[in-house]
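Trainee: What follows is each chain in one-letter form.
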Amino acid sequence: MCISNKMPALASLFSLLSLRGLLPPMALLLETVFILLFTFFTEYEDPAVMKNIAQTDLYTEFQDVNVMVILGFGFLATFLVRYGFSGSGFSLLVAALSVQWALLLDGFLFAFRHGKIRVGVRSLATANVCAASALISMGAVLGKTNPVQLMVMALLEVTGFMTHRWILHIFLSDHPTQDHPIQPIMLLHVFGAFFGLMVSWVLNRPGLEHRHEKDRTDRRTGLFATVGALFLWMFWPSFNSVLLDHEDKLTAVSSTYLSLATSTVASFLVSAVTSPRGKMNMIHIQNASLAGGVAVGVAISVADVPWVAMVIGLSAGLVSSLGFRYLKPHLQVVFKCHDTCGVLSVHGLPGILGWAFFILIRTLSPPNAQRGPSRLGNSPGQFSFILLVTLSLSLSLGALTGLLMKWSLWRAPQDRKCFDDQAYWEFQHLAERK
Amino acid sequence: MCISNKMPALASLFSLLSLRGLLPPMALLLETVFILLFTFFTEYEDPAVMKNIAQTDLYTEFQDVNVMVILGFGFLATFLVRYGFSGSGFSLLVAALSVQWALLLDGFLFAFRHGKIRVGVRSLATANVCAASALISMGAVLGKTNPVQLMVMALLEVTGFMTHRWILHIFLSDHPTQDHPIQPIMLLHVFGAFFGLMVSWVLNRPGLEHRHEKDRTDRRTGLFATVGALFLWMFWPSFNSVLLDHEDKLTAVSSTYLSLATSTVASFLVSAVTSPRGKMNMIHIQNASLAGGVAVGVAISVADVPWVAMVIGLSAGLVSSLGFRYLKPHLQVVFKCHDTCGVLSVHGLPGILGWAFFILIRTLSPPNAQRGPSRLGNSPGQFSFILLVTLSLSLSLGALTGLLMKWSLWRAPQDRKCFDDQAYWEFQHLAERK
Amino acid sequence: MCISNKMPALASLFSLLSLRGLLPPMALLLETVFILLFTFFTEYEDPAVMKNIAQTDLYTEFQDVNVMVILGFGFLATFLVRYGFSGSGFSLLVAALSVQWALLLDGFLFAFRHGKIRVGVRSLATANVCAASALISMGAVLGKTNPVQLMVMALLEVTGFMTHRWILHIFLSDHPTQDHPIQPIMLLHVFGAFFGLMVSWVLNRPGLEHRHEKDRTDRRTGLFATVGALFLWMFWPSFNSVLLDHEDKLTAVSSTYLSLATSTVASFLVSAVTSPRGKMNMIHIQNASLAGGVAVGVAISVADVPWVAMVIGLSAGLVSSLGFRYLKPHLQVVFKCHDTCGVLSVHGLPGILGWAFFILIRTLSPPNAQRGPSRLGNSPGQFSFILLVTLSLSLSLGALTGLLMKWSLWRAPQDRKCFDDQAYWEFQHLAERK
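Residue numbers (the working numbering), protein chains in the order written: chain A, 1 to 434; chain B, 1 to 434; chain C, 1 to 434.
Be aware that a few hints might be false.
Covered stretches of chain B (in silico footprint by chain A; criterion: 3 or more residues with CB under 8 angstroms from a CB of chain A, positions within the stretch not fixed) [as the list claims (entries may be wrong)]: (1) 140–147; (2) 217–231; (3) 293–307; (4) 408–414.
FYI, nobody ran anything at the bench for these hints, they're computed from the structure. The C-beta atom is built at its ideal place from N, Cα and C for all residues, glycine as well.
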């Protein structure tokens, strides 16, 4: 609102436009820009090079991550009773755009050599992992934003996340061409969650302060969301291992699996014990089961015995389901921040918990020189500082993005049209019958 | 009808038979014949041989293609509001039969050595790709045919497609044992789509000329179809790369991914801009998103820089969603050709577009001697001739198949029972209640 | 009931407890014990070792098996009209616990060296395969038991199954450290099915003797169950090959695929021919299609030409769908044994059929010294004896487990609350509206 007041002429011009006047030109503009950038700055990786680096491993894992980004996040977002088309459809749109943009940014910032970015399965995997952060943020504002707002948010989020990675990269490594000391997987859950929460807080408006009657799940959409949740569960081991070196990959797979198994049990435990009649809540199970994957992903380089991964998973499952039961309702009432998919409890808190474990274990048992991101030094303070940087950047960039998205130009959905597919999708028979 | 008039005695004999009298004997006969043929003419590939040829790659990709054929096409076909069991169930039946038949035909025509066909992951992958053409054709007649008609159509389609490949193989390669110069993936979309459309045109009957009230989607079946569409989307990179040589595989994966990403954005763009109120149509998104995979699959050998794949994907997405919005309704009214799943727009037009790009790029930059199907020569005329052959064969074989399927022996469903599972499936409680 | 009578004081104490008083403490206790055992007795496999043994193959196949266990079995169990959350949710809980327990037991019994179990992708794959036996048993009692009973059953089932494997291992191999002569895959379907049937028989109570009105499927849940069934179908080749040596893997993949294809056709055939009006039953298709995978899995080491796998698949499909049509109703009426998911027809009978084929083929063509489990000798009697041991152990351990589960402490659901999610899950809006 603050921005639109400053340019009333422009705003009144654009206010004539419906979604039809916004989405198509924006999509066309973005694709034109992307294709031009790809034309001048990219080429495929040389197949001969790829042959040597055990690309097959990577291809399999890329496919798994691809499944998580396209199907997993998308269908986890179908839990709302009347928002299934939007949940899965807009996720697909956001993922398609974010991956293209992440490919370019990752190339420019980290792998720009001789004026070219090399596009291959490896860079696609990195771009997919980074695009996931945009899908996480999207979870916080789902149902209350239109697809154009989501596109804007996703592009800014990916830009912010890549810049954040680049800043850490510059400050933490001695030589800019060195491998990243901090894996993107350690940052993306915390960054994505708090970015999204901040956007949601800025976008909050009086009409949405009470629980919206369509902001709920039912038997049907609950099962569709379970499909999404299980695909995230099943392929999380690949997500946590795809960007690691071959040696560490298989240990990461086992750690992630064990952590997911224990956080699943923890989610059932908490969901039953915190309900007056011992009934479980499917939304808790769908989401808190995944918290183990989030937390252990952050601490993957220090989880070198199975029980550590299991303890991390159990704690993450407990924290996450407690967050769903007690924190999510209060967040809305006290902080005026509505978190549709509960990204604070699925990604935010377990991500911070993973950092806590990471710092704790690194402090207790410093790594030897050969393994792990030892260039960072071992001081807990240095790691805590990185976490603080991540939190501050995500909150401040989220606030800026939220302000931009509040601009009336974007024509956010009216309160009564929130959480409803009918605002965006044609339903064949409805039109004919009525 | 024309055939049944010629043999009234036979027709009246068979007209006593319901589906119960047709499907089981036909299934039994086919399986008996298949098992006999497998007994005399097949053996497993020698595992020792397979060890050397990086079979692991192939196994992963075979699984991906398997997912597309069994789940992807099947669930994309569940979009009809009361035809979900038939869409997924008949697809499974047709796939199971077509793959067995394609294994045999592919072996007899292309890999018959010392009286034996070698069955292995490689031949299963080829058979799956070819069986996909039958599933494409099925999309045009879905809801208006019974499973026996679909079985007949699938077997004839696979036979026609294999014969078509064999004709090209004989005419285009100098030595019959040489590798195929034209990949099956370049032919199957165009062949499958126009074969199916021709069948649908021949089967057209007055009772189906108006839009059938059950020929629509809803919230529930729309989401099931989205599951199918997303699985096709995610594993299309494997579909386009599975039959290529190891060197070209990974480039094909990246090209297909980029093409799908841009066609997805294009489908949202067109769906929103062509709707009076800027609303999108889920059917357009589900289908036109995949058009990029179709088009780039045809041109995969010439898409050697990323932006080419993106331009192909964007154009294919535009053409496909425009086809859904404007061509599909007219096709029914003007040409009396009802296309249930819109295969013209998903496979037909994008396939032709892919050929246009292929011919254009080959003309502009002729390949050097080492790479690609250079035995074909580089003349655009020669490629256009191949496309013409594909179109003519698919249309003429489709017409013949349609005539055969029109035979009253098969007892096609009555108009009012079209697009309805109740004609073919037991519903437990309905029987008990009523 | 017999047990609870003996300790009335304890029972009356616990009878105050609802599910809320049982599930959380039990989950907490189990996870504490598991984590302690993992702490003292496990370590990750050395990545350097794993590098040499073509781990990539294994990783891909592990993921496929993971998909079957987490999604496949879980969603196949969503077919009940009001039990979808429980079907998929409890499967996830049971799988998460069973895999942890199977990892430990498999390690202690078969790979305990220098006081440590090595956890890696290989042991996770084995644990997943063994956990599948618990999910099979669960199918027999689904809807009539609460999650605590299921947890108890799963842990005892896995314990029984592992002990069974260990007994065979000790008696059949000359040196205890030798490779297992009988693959777990040959035992688990028969063991799981008859264990579950026996539990169901013991738990039978008068109130459930008539068909429960919620014990049925509908259009919506039928499609969800189809998703599960198709994922089992697609990844069954990996399930049957994951624990084999590299040489035998790819032949096993082809055999399983061909067997599934023929059993699919057989299931359509039988379902149509046994229905008065030629209508098919989706439950038959979903389940009997998979029978080929079960049967060929048992006989995988003797299916060395394609037609054998196809004949096994066809027979298994016939037996399984006949079992669904005629045996399942009689089992309930005559033997007072209600089999919710029809595990007798999907796993029990096809498993025995697979053994029959295995014994028959081994008798007709004894293997040469190098290949297969030749240490067993070739006598049909010896194999029949193994099958008998499997059957006796599964039935007797199932009976004991059933007696334990009958204890009123566990508070099995009341008759009218069976097959209903509302007994276990919160439904947001129901509470608010009413």
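Trainee: Now, for every hint given, state plainly whether the structure supports it.
Mentor: These are the hints, each one checked on the structure:
1. 140–147: violated (count 0)
2. 217–231: Since 10 is at least three, the answer is holds.
3. 293–307: holds (count 4)
4. 408–414: violated (count 0)
Comparing the model with each earlier hint shows violations of hints 1 and 4; every other hint is respected.
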